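Novice: Fit chain B to the given chain A structure using the hints.
One line per chain: the protein sequences are A and B, in this order.
In our numbering, each residue's number is its place in the first sequence (first place is 1) plus 200.
In our numbering, each residue's number is its place in the second sequence (first place is 1) plus 325.
Hints are not guaranteed to be accurate.
Unchecked claim - Residues on chain B that point at chain A, a partial pick, calculated with CB under 10 Å:
1. V349
2. L351
3. L353
4. A365
5. F413
6. H418
7. V430
8. T441
9. G442
10. L499
11. D502
12. I534
13. P549
14. I552
15. T557
16. Q584
Since the hints were derived computationally from the structure, they do not count as laboratory data.
Everything numeric in this text was worked out from a predicted model, so none of it was measured.
Backbone N, C-alpha and C fix where the C-beta goes; we use that ideal spot for every residue, glycine too.
Given next are the chains, with one letter for each unit.
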Amino acid sequence: MTSTTQAAGRSPVRRLAGTLHRHSRLRLSLLLTAPLLWLAVLYLGSLAVLFVSAFWTTNSFTSEVVKVWSTDNFHALFTTPVFRQVILRSIGVALAVTVLCAVIAFPVAFYTARIARPKWRPLLVVAILTPLWASYLVKVYAWRLILSQGGLADWMLEPFGLSGPGFGLPAAVIALTYLWLPYMILPIHAALEQLPANLLDASADLGGRPVRTFRSVVLPMVLPAVAAGSVFTFSLSLGDYITVQIVGGKTQLIGNLVYSNIELNLPMAAALGTVPVVVIVLYLLAMRRTGALSSL
Amino acid sequence: MQLSRSARIALRLAAGLGFAIIYVPLALVLINSFNPDRSASWPPSSLTFHWWSVAWDNEGARAALWTSVKAGLGATAIALVLGTLVAFAVGRHRFFGRDAISFVVVLPIALPGIVTGIALNSAFSTVLEPLGVGLGMFTVIVGHATFCIVVVFNNVVARLRRTSGTYEEAAMDLGADTFRAFVDVTFPLIRSALLAGALLAFALSFDEIVVTTFTAGPGIETLPIWIFNNMTRPQQAPVVNVVAAVLVLLSVVPIYVAQRLSADTATESRI
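The following block holds chain B by itself, in its conformation from the complex:
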């Protein structure tokens, strides 16, 4: 399509505006973390690093960060195992109900978080609490793992589709048993997909708030819950600003690592 000069310029401007819409709010969060005032009024009167050191010493935010990391690691570990198992079943076998399984894997992130949240919440409180297991870190990890399985599954299944089973067959022809073939041939082939899936699962868990709200007991506060609880407290505003800024800066990490690990599978599995 031969676009006229003016049409090109208009599109360039519109796209520039679009990118501005995407990045101005994130930049604002960064700048606001250096705002000496507690209010969010714009523009800031001056810039200061003061709140960054205050935030660094904030016990609540630190504890919440640590809780999030633990929950994320637990959920990622479970999702890695379960996601990989399903991926091998769907990717290497044909059986009745295969499509249904792929569907069930996606369901926990396809349904609104609040539906998943209350379903798990009522199941935990009716089944686990009589057994003496209250809502807490364990239930948060179970809840997160449920919707993290899909990202591991997506990554591994995509990889399995591109690497046919012939390598394993060749290994077996050369005398390797099932386990040997897996360790020496299959695992190295899917390793980077597993890493990308783990990274995405961790990031997904780290960011989750709705399911966490419903599966965490009163004593468990992940970083998103901490931000949510402190967002409207004027006293905590400067620390929330800094935590938010740190999270904006950190968001570059998963995209960078995922791109390096597997440019073709990792980036698209979030959507």
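So that you can see chain A by itself, here it is in the shape it has in the complex:
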């Protein structure tokens, strides 16, 4: 009696299991339905509407969106001096942050990957990773404390008769460099760690001095890692507007312009928002040629 009810209770489940097992397409579509609805419909759908709305305009009196196709917003992007300036400044900031990150990251990564004692290396990697988990806002806040009037920067520079940069464009570059530095150190560390020691020995045997070895052996093998790290430092800097609001003083970057346009002129905000996306895609395409993307 019990065995028959058990069998009856189990059989639909087993039958379903059997059906799923036999029909891998069915299994796949069951796996994909929910995530695709979420990502493709909700997310990509919203993105698509946003980019289409970049071609709409607003009524300048009522600020209501007028759904008539026009390229006015993009025309304004290229012809309005303020927009041009801000776009170029944002790209400049992103490049400066990337270069600064690479310059600071290289010696740190070289030390953690090749000079520190091997048993310390994993611990050093954790030491690089930990700040990644400290809150983004807290890290910017730290720089607000450092750069504020009478803060740590002023205190350190005072004996030299100097004062800190205060809040402004340099402060924004410094804070962004600080935020994304670990994203640059980690890939370079990984690349340097994988560099075979005998390659370096071979270069030395062939008469290469350290500088020559560095230039001809180390650098070419580490550049893809630098490029991979730069994808993060560049794109994260390009889209940022919170840091700029906190330590940038009156500085404006693309993100701030998007933010300030959202309430009044959503189509213009959308058009401005396409700028970082296009720039980042172009940057990714350029980086793909270095082979960086495969090591992401």
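Specialist: Okay, now just chain B, sitting in the frame of chain A:
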């Protein structure tokens, strides 16, 4: 490469300087939370625990913390389900558009937060608001889940790649059906990857400010939004200092747990 003694010393110094750059600001946040003055002037005149007790009693910060925890748990739960489903589809099946799917999963964190933010904001306000669902906790959770899926996905896919399907096949040969094989074989194999992914997703959601700004209604204040709103108010400075210090101390937790859970997959999925 045989580096000269002086080159080694120079590199050691440069690396030391680099680590100082990384840790001095965090240490400063910690020290500043004991600063009796409301200003951020350096050095502090003395040290006090006073603000820690003040912060403990601060209703706004507590409420914001609680909001963040709820949003993080909700987003993590959704991301766990969706991320795992996609990971199994991509990791165990071959089909047209597989690469495109991996790409779409990454897109929400690859694009600038402000783009994701306004896209979701305008979608919510045009589709959900006419249905009577305003911006609020629900939309925050949906927004966070969208970019949290990727960390769960990364962890689970990495695990699936290292554990081939042969274990499940063996279980089935021994008479287990699809569900049994999943419960007894697959799930234990991916459990720690799921935990690591959940932890990372929660941390990501907990730290998010931009997408939150655009998906939260006026009444919803997560901890990052609270910090941002109070950062420039001199009256609130001491409490902000303490909250910031607590967050610095807490950042050690996810890295420690993630390292223990799966040293190989968890740490790299943030980047």
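Novice: Output the indices of the hints that this structure fails to meet, ascending.
Specialist: 10
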